[in-house]
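Asks: Each chain is listed here by its residues.
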Amino acid sequence: MPAAIHTAGLTRAFHTTSRTVEAVRGIDLTVEQGEILGFLGPNGAGKTTTLRMLTTLLPPTSGTATVAGHDLIADPTGVRRRIGYVAQSGGVDPTVSVREELTTQGRLYRLGRSEAARRTTELAEELDLVALLDRPCGALSGGQRRRLDIAMALTHEPVLLFLDEPTTGLDPGSRADLWQLVGRLRDERGMTVFLTTHYLDEADALADRLVILDDGRVVAQGTPTELKQRHAGSADAGLQDAFIALTGRRAEREAEHTPVAV
Amino acid sequence: MSHLLTDTGIIAGRYIRQTAASKLGLVFGLLQPLLFLVFFGPLLEGLHLGGNGDSWQLLVPGLLVQLGLFSSAFAGFNILIEKQHGVVERMRVTPVSRLALLLGRLIRDVLQLFVQSLLLVLVGVALGLRAPVAGVLLGFLLVGLLAASLASLSYALAMRVGSPQEFAPVINSLNMPAMLLSGILLPMALAPGWLDTLSRFVPFRYVVDAVRDAFTGHYTDGSLALGAAVAAALAVVSLGLGTQVFRKVGA
Ligand SMILES: Nc1ncnc2c1ncn2[C@@H]1O[C@H](COP(=O)(O)OP(=O)(O)OP(=O)(O)O)[C@@H](O)[C@H]1O
Ligand SMILES: [Mg+2]
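Protein sequence lines correspond, in order, to chains E and X.
If you're matching positions, the first sequence starts at 1 in full-length UniProt numbering and goes up one per residue.
If you're matching positions, the second sequence starts at 1 in full-length UniProt numbering and goes up one per residue.
If you are wondering where the hints come from, they were derived from the structure by calculation, not from laboratory data.
All C-beta atoms in this analysis are idealised placements derived from N, C-alpha and C, irrespective of residue type, glycine included.
You may find that some hints are simply not true.
Unchecked claim - Simulated coverage check for chain E against chain X, where a stretch passes if three residues somewhere in it have a Cβ under 8 Å from a Cβ of chain X:
1. 52–62
2. 88–95
3. 101–113
4. 168–174
Let the sequences and hints guide you as you build the complete structure.
Replies: Written as structure tokens, this is what we have:
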């Protein structure tokens, strides 16, 4: 079975007028099909930048990658057809209705008119959005918005789903619901899920394997148990200890940081 | 190719529905030219302004170009707002044709301009404008082409800059001089030599002159052809640039 994602030396630098930021400095990564991969790292580690490269939104400065069976550089459209992406801050227009967004999304994925309408109903039922279909997206709560964002990314039944901090800003109940949903997508459909998070309990509970990024480099990878054993001294230690040992920082946002609004 | 057409239709449909639902946008862009038409137009009646036709045939074409310049120059604002909500990236991650994301928006812009132009001309007629229908339609065509070019540049700029704070000053500092130098309210024929010369470097001037000729039915005396050629050249350059930016941003 070919890997869902394979990258070699993936690099991205940003040039501003005053300086150059090496956001991602050569990532070699393999993600197996049907795996839930947790992508961890402190603020600014390069998680979003990596995701934006893997989802064709940002051309790498150097390096290569195969995503969902297609070459990232040579065949971006092939990649786009097979992946779903939920960005850190979502991607719906607050003035547009939930129904319109879902249907447009279906059309952009080349479904016919009636098929897109049918898919909208289906997704709304699956993600508990039926009662919200005719509301403007801006009128949804944080948890509802997240469910909509995910519904949008599932429109075309992707084989690989990228989630950038899907649970940031959600209350514990909504977080638990989202964990369940992600688990279901993998168990029932064999979907590969690549998610970033700042919550170590989440990574521990949800991910099969973790990749820890710091300053644009992969500093460790393995199952949660392996990482705890290797970097915090014992399997009973918290993942937090392993994380601090690796990055010198705490994983959760500092208290004075306002959580990113979802 | 068939994808490009379908996708363009989908994108155009989305924005046309949005515009139709808001209505405010339609009136907003129209307000300034309407004020000029109603409160400034009557002052020109009976004055000797040179050129062909009467004062209404001179002012209304100018205001049409102003309408086109103003609304299309700020078209990029919509993209900036959408970028802030992540809508642009969400669409770019789908297989939708990159070019359709530009063309669909331009179709909405040109349609909106057409409705606004029609309203402006109708008010003009109520005030005393008389012009051949073919000439008016020809004028709409030229202004539409000009507006599509500028909107395309505006979208391209908006795709490249990070924030409205970077975008607005660029547009504002280009728009006003461009409008004044193209002789929108009064013909440049009245200008002293240096101003007339300066205005010849502003491509919109030729479009204004061409629309004026269209409104007076002078289809063959050269300035209509010149204006059309300038508008077409501008369209080729700006649509080419817009296409390149939309294709390339994020690849
Ligand atoms: N468009 C950009 N232009 C300039 N610098 C950028 C750009 N995007 C990201 N960066 C920089 O690249 C680095 C990595 O950013 P990135 O958003 O990938 O981090 P992250 O791991 O997702 O952080 P967070 O946990 O805060 O979301 C940061 O230093 C950031 O400032
Ligand atoms: Mg991020």
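Asks: Take the hints in turn and mark each one as holding or not.
Replies: Now for the hints, and whether the structure bears them out:
For the segment 52–62 of chain E, the proposed coverage by chain X is satisfied: 6 residues have a C-beta within less than 8 Å of a C-beta in that chain, meeting the threshold of three. Evaluation of the coverage hint for the segment 88–95 of chain E: fulfilled, as 7 residues show C-beta separations to chain X shorter than 8 Å, against a requirement of three. Restraint check on the segment 101–113 of chain E versus chain X: 6 residues with Cβ-Cβ distances below 8 Å, three needed, restraint holds. Counting residues of the segment 168–174 of chain E whose beta carbon lies closer than 8 Å to any beta carbon of chain X gives 0, which falls below the threshold of three, so the coverage claim is violated.
Violated hints amount to a single one, hint 4; each of the other numbered hints is respected by the structure.
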